[in-house]
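Engineer: First to last, the protein sequences are chains A and B.
With the first letter of the first sequence counted as 1, position 501 gets the number 510 in this note's numbering; the numbers rise by one all the way through.
With the first letter of the second sequence counted as 1, position 372 gets the number 381 in this note's numbering; the numbers rise by one all the way through.
The hints are simulated quantities; they were obtained by calculation from the structure and are not laboratory data.
Each hint should be verified, as a subset may be incorrect.
Below, a sample of chain A positions facing chain B; criterion: calculated Cβ distance under 10 Å [what the hints assert, rightly or not]:
1. A394
2. L398
3. F535
No farther apart than 30 Å at their CA atoms in a straight line, the calculated lysine-lysine pairs in the BS3-like style are these [stated by the list, open to error]:
4. A/K553 x B/K293
5. A/K293 x A/K373
6. A/K553 x B/K430
7. B/K430 x B/K373
8. A/K430 x B/K553
9. B/K68 x A/K189
10. A/K68 x B/K566
Ideal Cβ placement from N, Cα and C applies to all residues, glycine included.
Spelled out from the first residue to the last, the chains are:
There are 2 protein chains.
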Amino acid sequence: MAAPLRLALHQMDARVGDLAGNAAKIRDGLRRARDAGAQLALFPELAITGYPPEDLLLKEHFLRDARAALDEVAAEAHDIVALVGFPERAEDVYNALAVCSNGRVQAIYRKCRLPNYGVFDEVRYFQAGRGGAIIEVDGHKVGLTVCEDIWVPGSPLLEEALAGATLVVNASASPYNHGKGVRRERMIQQRARDNLCAVAFCGLVGGQDELVFDGHSVVIDHEGCVVARAAQFAEELLITTVDPDAARAARLRDTRQRPAARDAEPRVDHLGVFDTPALDGEPKVGGPVAELLDPDEEVYAALVLGTRDYVEKNGFRHVVLGLSGGIDSTLVLCVAVDALGADRVTAVTMPSRYSSAGTRNDAKTLAANLGVELLELPIAGPMSAYDELLAGPFEGREPDITEENLQARIRGNLLMALSNKFGWLVLTTGNKSEMSVGYSTLYGDSAGGFAVIKDVPKLMVYRLAELRNRGGGPIPPDIITRPPSAELRPDQKDEDSLPPYSVLDAIIEAYVEEDQGREQLVARGFAPEDVDRIIRLIDLAEYKRRQNPPGIKVTSKAFGRDRRMPITNAYRAITRESSPV
Amino acid sequence: MAAPLRLALHQMDARVGDLAGNAAKIRDGLRRARDAGAQLALFPELAITGYPPEDLLLKEHFLRDARAALDEVAAEAHDIVALVGFPERAEDVYNALAVCSNGRVQAIYRKCRLPNYGVFDEVRYFQAGRGGAIIEVDGHKVGLTVCEDIWVPGSPLLEEALAGATLVVNASASPYNHGKGVRRERMIQQRARDNLCAVAFCGLVGGQDELVFDGHSVVIDHEGCVVARAAQFAEELLITTVDPDAARAARLRDTRQRPAARDAEPRVDHLGVFDTPALDGEPKVGGPVAELLDPDEEVYAALVLGTRDYVEKNGFRHVVLGLSGGIDSTLVLCVAVDALGADRVTAVTMPSRYSSAGTRNDAKTLAANLGVELLELPIAGPMSAYDELLAGPFEGREPDITEENLQARIRGNLLMALSNKFGWLVLTTGNKSEMSVGYSTLYGDSAGGFAVIKDVPKLMVYRLAELRNRGGGPIPPDIITRPPSAELRPDQKDEDSLPPYSVLDAIIEAYVEEDQGREQLVARGFAPEDVDRIIRLIDLAEYKRRQNPPGIKVTSKAFGRDRRMPITNAYRAITRESSPV
Chain A
10 MAAPLRLALH QMDARVGDLA GNAAKIRDGL RRARDAGAQL ALFPELAITG
60 YPPEDLLLKE HFLRDARAAL DEVAAEAHDI VALVGFPERA EDVYNALAVC
110 SNGRVQAIYR KCRLPNYGVF DEVRYFQAGR GGAIIEVDGH KVGLTVCEDI
160 WVPGSPLLEE ALAGATLVVN ASASPYNHGK GVRRERMIQQ RARDNLCAVA
210 FCGLVGGQDE LVFDGHSVVI DHEGCVVARA AQFAEELLIT TVDPDAARAA
260 RLRDTRQRPA ARDAEPRVDH LGVFDTPALD GEPKVGGPVA ELLDPDEEVY
310 AALVLGTRDY VEKNGFRHVV LGLSGGIDST LVLCVAVDAL GADRVTAVTM
360 PSRYSSAGTR NDAKTLAANL GVELLELPIA GPMSAYDELL AGPFEGREPD
410 ITEENLQARI RGNLLMALSN KFGWLVLTTG NKSEMSVGYS TLYGDSAGGF
460 AVIKDVPKLM VYRLAELRNR GGGPIPPDII TRPPSAELRP DQKDEDSLPP
510 YSVLDAIIEA YVEEDQGREQ LVARGFAPED VDRIIRLIDL AEYKRRQNPP
560 GIKVTSKAFG RDRRMPITNA YRAITRESSP V
Chain B
10 MAAPLRLALH QMDARVGDLA GNAAKIRDGL RRARDAGAQL ALFPELAITG
60 YPPEDLLLKE HFLRDARAAL DEVAAEAHDI VALVGFPERA EDVYNALAVC
110 SNGRVQAIYR KCRLPNYGVF DEVRYFQAGR GGAIIEVDGH KVGLTVCEDI
160 WVPGSPLLEE ALAGATLVVN ASASPYNHGK GVRRERMIQQ RARDNLCAVA
210 FCGLVGGQDE LVFDGHSVVI DHEGCVVARA AQFAEELLIT TVDPDAARAA
260 RLRDTRQRPA ARDAEPRVDH LGVFDTPALD GEPKVGGPVA ELLDPDEEVY
310 AALVLGTRDY VEKNGFRHVV LGLSGGIDST LVLCVAVDAL GADRVTAVTM
360 PSRYSSAGTR NDAKTLAANL GVELLELPIA GPMSAYDELL AGPFEGREPD
410 ITEENLQARI RGNLLMALSN KFGWLVLTTG NKSEMSVGYS TLYGDSAGGF
460 AVIKDVPKLM VYRLAELRNR GGGPIPPDII TRPPSAELRP DQKDEDSLPP
510 YSVLDAIIEA YVEEDQGREQ LVARGFAPED VDRIIRLIDL AEYKRRQNPP
560 GIKVTSKAFG RDRRMPITNA YRAITRESSP V
């Protein structure tokens, strides 16, 4: 029997491409882990480069620089074994985990399972590893895995368990979406029980363009119990002690449940034996266990972290957004203030003759409650100038959506002018329901650098606003209760041209996230005319979405890298007929 | 010895998602092939769905509908064997080639090599086939391959040749870029010689969002000679006769050159024996051989076809563009007129006080020479309205890039207003050199639906304009000889703020297309300060490019699906230091 093992999981926010900054953060974590008596320190997947580095991985000089940064980290790995994710350039390129000890990289494990679906493109960059790997740390056999390796039952986890691993570590960069934290933790519990081994999962945290990584590192024992858990959506060095020998004892005792050799390929590399200084005293098994957020709290936290990281990692000091007094810009303003502080946010109200006194007053009250500067720029002047200039070409034509779009584009221009003059980042305020059906103006309300709630459906926007207002918040109640309107013509209401959001959001979820077809939707009870109309609107708005700024993925399928539809697309799920657009 | 075989290669323009339309086009080709006495008819990769269908392939109902369309085609395959590309939904999804004969799908070959680099994402959608396949047609063994299968030496082509195939067919959808036609043809010649077999390559033709497929179908004999070639960038039914027995004779004779069994896996499926009615008389071997375009003619043809197909396949009747009198908008106007005819194009000149008389007159002359309607919308009025409105927030600040961008955005708004009012598609006119360094205004000159020359570097823009003007064309010579300027402030010239285009374009090509790093560029002789500045500009403009409309890929690496860089990216190829943006 070996003594229990003290682990450090460094749930860190890596910045894509910042090799020196990430290496410094890893070294800092390593020092703190050693100070806390840890024998084994685990870092997230591709901690050296950040995740996903995308086509940076096609640059040979980037891979060389990443290796140099890894070697700097390894030079400080003394009296501890550090497992550090990096892209390995060998006879091919691998998504790898370096075993660092005694001041250098001692061995390298290569990720076996490369995700190439959803937001993932790993086959574009990496060759797959050919099997599992084990190291021995202070008498314990530790299996190595990277992210996707553990999402699939069987290889390489099973082989590692059969080769004697009683603790399996997983270095991960797992993008958040609504409810994923709980699903992921349950999956890890299942793997631990199935293979009778403890599992230590170290998750990346932080925002990267469209993705937010939620951290949520956990250590699970061989019975599936949570031994330690780090906070969600925040950096943390999680220190905990596990007793892998408990898993070994269980295997010898419970022969019916142990993993079966006949299902496995015998391919496991043994990457070395490592010893670290003995722990003082008799360590208590276990560690801190953070409380889990509820699902809507998770989404709000993801929006705050995703916004903060986009702003900070891209070097902006200040953000600006159009504040209409509607629910969407209200939520975005709250997120921005929670992410950056009120003094780094400017709101701009840009009323037209269609703006109601109610929304204008609510915008003012909200800005005042949050302590945010509010500019007012009425758009009547530019609107008249455009009307005059276009009077010739538009002669004999009635006002229509053209003039509505011009209002939105004037507002976009004004926000971009503030951005240009003062170096502010423009946050856009469109929600997923609008993005889906194209209920937005290209270069108008969609103009900006970051689309905070582009993947948040309208009904969820309301839930998040209510969550933010819980216990007496800054949002005037009218903003939540007033029927939604774009205020681009007199007495306009969203529900005049769209089905109620309860129907719209449900159809969008089924069509976009679940790839259901027309017949399946009708079979679920949606009115055929709603289904046909919404599907058509979603398909036709693809060209707009392609030009929208990035925003934070919070559902199971976001527009952007996650859903790659052709713009030129004659397929209509509605009938089998070929139909012109 | 079997008689020579008559082949039909249907180089068709499939429309993505238009299952019924594509099936009708295939049936039409099949009838014409049979009328011409062909025994074997070959269609492009995924001819049923168009290529690439992208995430349509994740929809179960789409795959079911595609199979139904295939079955309709197969029902008409009588007295001929038809090889038709489609996505097969079985225990997994395959990129497949259906062998249709006697009124039904008789067998299915599954593509073995799935490209997942550059613009390709096939691993996202498909499972790979496990080996080659052969059919026997009128006594000849014919090997089946799909696109990428033939780009890689060895499997499955080698196995098919070893199993006796003396003719190998390749159903392809190979996106065009500059010079690719010749490279591809040479590669096919090499495969034919290496495996001592004739190769019939049937290419897709047409534009699909960012991609143009160039057709350029060819039949190559076992000695590498071109037996027949279809036109580039146009639909064609290529009828030709080949004598596969010549390859068999050569193998028996020339034992040193025949393919070697020791390199191959023995995995080849025999998919059936098919006989068609005997050919009348003694057919002459060979077929029409189209002349190849020169490289710049190819690019121009690609722009015309790509523009025409984007407009037509998306159902637009008319296009509009801003005509400044500069070289970029001049080239785009010529392409648009050649693609659609002058009566479907409107040009708009939107002068400011910085527009020179020379460019304004040149724009008028060009429009007149091409017979295109020209609108004039001076932007002074809206500009004043913005200046007035922003006087408050901008108090104490000097005019800067903000006001330049506002001019460009007013022009973008005007074009979009015309688009909204009349249903016209806006073509944008930015070239690749500008896109690279961010020398464009987001929501300004980059506002529109299709960016015709976004992948054409500035020097190539000049070459293409000269090509279009060859032998006395519509372009006033001043447009070609005047130093390029954005005309957004007095006496502005591009080369005041950028290196000469001969340097700029070369650095862009090395950095973007070849992924060279800073040290490699300096070693090539570029001035370090130019390299550092251009690389930095390219990196920082990623956020703009992400919001640009799609345009036609003509280089080896285009912005868009082809080059997937993070926006949030702290990596600077310039030094190894971490540096804030």
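Engineer: Are the hints correct? Go through all of them and say.
Structural biologist: Structure-based check of each hint:
1. For A/A394, the interface hint holds, the least distance from its beta-carbon to any beta-carbon of chain B being 4 Å, beneath 10 Å.
2. Hint status for A/L398 relative to chain B: holds, with the closest Cβ pair at about 5 Å, below 10 Å.
3. At a threshold of 10 Å, the smallest CB-CB gap from A/F535 to chain B is about 15 Å, leaving the interface hint violated.
4. The suggested pairing of A/K553 with B/K293 is violated, with an alpha-carbon distance near 54 Å, which exceeds 30 Å.
5. Restraint check for A/K293 and A/K373: the C-alpha separation of about 55 Å exceeds 30 Å, so the hint is violated.
6. Taken as a hint, the A/K553 and B/K430 pair is honoured in the structure, with Cα atoms around 17 Å apart against an allowance of 30 Å.
7. A threshold of 30 Å between alpha carbons decides the hint, and for B/K430 with B/K373 the separation of about 24 Å falls inside it, so the pair holds.
8. Using a Cα cut-off of 30 Å, the hinted pair A/K430 and B/K553 holds, with the two alpha carbons roughly 17 Å apart.
9. The straight-line distance between the Cα atoms of B/K68 and A/K189 is roughly 23 Å, inside the 30 Å bound, and the hint therefore holds.
10. For the hint linking A/K68 to B/K566, the alpha-carbon distance of about 14 Å falls within 30 Å, and the restraint holds.
In this structure, the hints that do not hold are numbers 3, 4 and 5, in rising order.
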